[in-house]
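Asker: Taken in sequence, the protein lines are chains A and B.
Going by our numbering, the letters in the first sequence line up with residues 2 to 323, in that order.
Going by our numbering, the letters in the second sequence line up with residues 701 to 1119, in that order.
To be clear, the hints were calculated from the coordinates, so they are not data collected in a lab.
Watch out, some of these pointers could steer you wrong.
[Stated by the list, open to error] Which residues of chain B face chain A? A partial, calculated answer using Cβ under 7 Å: (1) I754; (2) A773; (3) D794; (4) Y886; (5) P935; (6) E1081.
[Unchecked claim] Here are the computed lysine-lysine pairs in the DSS-like style, where the Cα-Cα straight-line distance is at most 25 Å: (7) B/K845 - B/K862; (8) B/K823 - B/K1007; (9) B/K823 - B/K1076; (10) A/K80 - B/K1113; (11) B/K862 - A/K177; (12) B/K1030 - B/K976; (13) A/K177 - B/K874; (14) B/K1013 - B/K746; (15) B/K1010 - B/K740; (16) B/K852 - B/K840; (17) B/K927 - A/K177; (18) A/K80 - B/K1115; (19) B/K848 - B/K867; (20) B/K804 - B/K862; (21) A/K177 - B/K867; (22) B/K746 - B/K874; (23) B/K1013 - B/K1025; (24) B/K751 - B/K1010.
This structure is a prediction, so every number in the text was calculated from the model and none was measured.
Every residue, glycine too, gets a C-beta built ideally from N, C-alpha and C.
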Amino acid sequence: MAIAQSADSDEVGAGSELFRQRIRSAWLFLAPMLIVLAMVAGWPLLRSIYFSFTNASLTNIDAAEWVGFENYFSMTTLKSGRVIYDGLLVDPLWWRSVWNTVRFTIISVTLETIFGMVVALVLNAEFRGRGLVRAAILVPWAIPTIVSAKMWAWMLNDQFGIINDILLNLGLISQKIAWTANPDTAMIAVLIVDIWKTTPFMALLILAGLQMIPGDIYEAAKIDGVHPIKVFLKVTLPLVRPALMVAVIFRMLDALRIFDLIYVLTANNAQTKTMSVFARENLFDFDKFAYGSAASTLLFLILTLITIVYIIVGKVNFEGGR
Amino acid sequence: MRTALLGFASAMIIASAANAANLSIVSGDTGNGLAVLREKLDIFEKQSGNKVTIVPMPSSTTDQFGQYKLWLAAGNSDIDVYQTDVIWAPQLADQLVDLTEATKDVIGQHFPSIVESQTVNGKLVAMPLFTDAPALYYRKDLLEKYGKTPPKTWAELAATAKEIQDKEREAGSKDIWGFVWQGNAYEGLTCNALEWVKSNGGGQIVEADGEISINNPKAAEALEMAKSWVNTISPPGVLAYQEEEARGVWQTGNAVFMRNWPYAYSLGNGADSAVKGKFDVAPLPAGSAEGAASAATLGGWNLAVSKYSKNQKEAIDLVKFLASKEMQKKQAIEASNLPTIIELYDDADIAKEVPIIPRWKEVFLNAVPRPSAPTKVKYNEVSSNFWTAVHNTLSGNGSAAENLELLEAQLTKLKGSSW
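Just chain B, with the same shape it has in the complex (with noise of 0.2 Å):
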């Protein structure tokens, strides 16, 4: 019976060496993502024998699901494994593989609000890999210089902005800015606006019952907000900037403050940085509207095995080992991206190397989410139209009122009788 054991046993090993897999995984990561992911999966193709190939693509959020959402539509097999949006769970659970079954061992280790908004139901559509939520980077010897402290509110912001601005400018610093943050007409712009309207209680676009909420003096004041940072303390061109333009002009010496998330921590420290250990950051301000608090959009990135993979096995194998303990460690120190596993915040190394990581475990857990979750396969055209809205307001293309009365009819008609 042993000997059968051990016949079967090594018959099973060397089943699995000779059919090594050629896996493919695609990934649209900003920063050094990609090159810490290669990292990971040297390691990978060590101790399974598949090989894994990386499909690169564009940062952007919505050039990417546009395209995953073609290959799936069409049974595309090539690609075994999609790094996911937070957001997309919903929209794309019909076509990726229950993960349940395989990850009940380690599931648990995770969040479990992250859990949950990766399950569509009772299907666990993708396994998390790490969570976002931004963060205020400041310069911290300016602010020294100047004797000001973080801003708690996004007038204090504007006020801190401009006067450090002005006066660098005084100084010799001719391109230098007050803050820069994401105002490209995309995704992005709707998890910055949606911290300005939700941080001065202005509501989440939609909330979570379904309601539309976004038509209020709350969050046309928010809006108006922002529109006077545009080209006073924020360059014209923010309009046209996704993180890593913010980044770009960040990274330079070029701004005071910049609304980015974390991974750009260990960037703004890397050696060719002119930041580096010149700044700190903080939670985002708040607003000044009664019952205003500070509000972080809840991001991250999650990994999904396609149910057109042709090697399905091999694929689930690679999400659990990129979204191990190990590897997720790894990720946080250098890549800073926050891990969705609860004990690694507490983890001495990555306190050490990215003390901004166990800090913003609060920031994370009260972080506001998109409205994704009621607005199911609707999401992607509710954030088009709000961003639009954003975008139009911004741009001095109708004041805040008039296109949030517009966005708002908008949504209704698109609601239609139940989202």
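So here's chain A without its partners, still in its complex pose (with noise of 0.2 Å):
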């Protein structure tokens, strides 16, 4: 009985002192996370975009001095009345390294959706040895990415690797395909392997939406003798929406900062390069923390932007089964 009522009083003492009191208590226990936080992702963030404004250089990072947007853009005129622009959003390497990525992130991002639900579905099915297969799946994603691209970068080499002598054996081709080398083949390298490794994480999240359906709608549209494509796309794609929408967007993000994979296989090829590795490339190898650090705040500012907009576009709900 005295249970009973503390349920009632949660449900509509908004007001009251025991709803105030477990507010204090939640951030209580939020608040060790949100310090860490702010100490480990919070202040580096920070640091990188003050940075942007000066003319820090790894060799001497506590004297940068500001110098404002010069890093972002800056106009010189010469004396003959020539005008000069400058900075990052004038430097056609980094148009090219954000068209490389974007690019990237479109077609891995589409391609390992459509997968990963293929093979949620099949997983969804009930078949003997389900739960072995379903852990077998998860060992691409399980490998660090840093191996598997090593691995791949073996399996992908022109002369010794492995997959040109399928293809060769087969009869697909009839010469060794520099994959990693040529710039046609370099981007869908790089793909394959990174469809390869993320598919099992897309397929896991979409599983968990599966699962999520009753399975009564599905028994009541057998009845009513429902086409399963029909079924497909007017239950399942419905309500497996919003943990489809989640999984797309984790996996766009990772995708927008993709960093390691592209710097073991194709490492600085222009065809290849993408932000991050353009970041890097500045910041450590030319000296130019600043520009560097400019290019990491473009970074995430379009992360920031492209997330907000799928957000607002996809009405992606964070709140949970209301």
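Mind assembling these two chains? They're in different frames, but the hints should get you there.
Answerer: The following block contains the structure:
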């Protein structure tokens, strides 16, 4: 009886002392995480943004001077009257990296979503040994990126690689292909490895969504004799959509800041250089710490912008099942 | 007085034994470099009582530099000794210990040009460990079989390579290629391309006085020539090769010619090598334009002590030990690295074991430096712009003339009012 009463007062007592107490303890529990997050994510982020407005170099970070927006955009008028534009916003190499990243993201996330959906639907069906298959399919995702990238680099090697060997033996190609060297195939190679690696992740998230759908809906559809494709489009897809949207945004954020896979497979190749690779190169290799920080800041802004647009346009529901 | 001195001396010995230091050396080497380093360190550990740990790195100099730069900027004291590329001295000078005083007893044995390349504003940044100048590796057996001589020009090389490759393939060696080199987009491509350009009379990208000279017809001609090799005498994958990938193809017997550094010599004669005893080396070919002459990019590695090391004294001892005559000799014999000590080029043991070394003295003395001295801290970006232009040309992304024109504009902008 007492238990029921307290549950009742929870439901209605938005202004009560108990409710305020619960809010307070919620914050108390969250505090350690928020502090850690501020230290490991917030502080470096703010410092990067700060450095992007200075002329910092790696050898002399403490002596950085404020230069305003110069790293992003600057205009100098020469004596002859000619105007010279400078900075990240007019840097063709930067825009090329942005394009590479966006192209990679769109293609990889689209394909991963489709394949992930197919895998999830298969895994959602009842069959013997399903548990084992579910575990096995997670393996590519469990291998650290750097390891799988190196592994694939060897498999894609033009002279010794197993991929070329298989394709040659099957008669699909007549000559060994230099997957990671050729500008036409470098991006394809990166995409293949990324899709192999992250499809399991998509499948897992979609599968979780599929399992939330009550089975009686399908039974009802079956009794009514609805075509399976129509069931998929009218029942499964709308119901799995919230989970799908969250999965897509996770993958998209990951894809937009991709670094390790590309760095191992195609290193400094201009055809596959992404925003993160560009930023790293300027930060450390070129001793242009401020310029690299500006690139990181823009990368952060682009990520935020895309996420916000996606949430609004896709009407993503982060509130849970209500 | 004497007893006092003796007492002092023995106290010193006890103190040094009691304070045995734990040192770390970071090195990204090719081939058996790390194994040879470990052997030398074992000797050092016995002699000095100090422990030394190797921190291995990727062999790409471009990859190493970013990591070292980051460690040094963070004031990392974990690493005491860095193995540094010949081009890094001006970029790392501020964070390395000045070795001038500590090495004045031995520095005179080394080639003055190398010592000079490691001296920034009067400060000896790093101690020479070995020097490098690439060679043209060729298959003696195959050249003899088809009655050819080692090529003197690139055109000759291409013709010989093509002929042998085609005939060998007809004879059943399906996987054989004419010529392998380093075409990946990294520092190694800068070295390769500098050789093509310089050997064709096209200058050295940025001249010693800081003038940007790369946009010229002879340089463009050299790059177009290299482009014509890809997929004819060189595998298409050469555009993703670094030193070790090229050596892989070569050492399994699948290449007629290879451009690589001397380190590949001992390895190619190793027990597990398919080309053991079947190859020799020659200087790289020359171009065909007027004023063309063979050119080899000057490479080489040095040892530097981090300013943030907590055991600087012991670290300097280690550097001097590794750069000593005995150790350079060991390294020459076991890893076929070119010594920086002049005397060792006349050493009978080295001449017997690694005949490439005495022959390489001339090549090395005429080697062409990369423009790291005139471009100072901007060198990495210069090199990156250059290798990108070259890689684009080789992979068919614009013509050599177009890419070099763009490169000149980029370098001019990068230079600003001065390097």
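Asker: Would you pick out the hints that fail for this structure and give their numbers low to high?
Answerer: 1, 20 and 22
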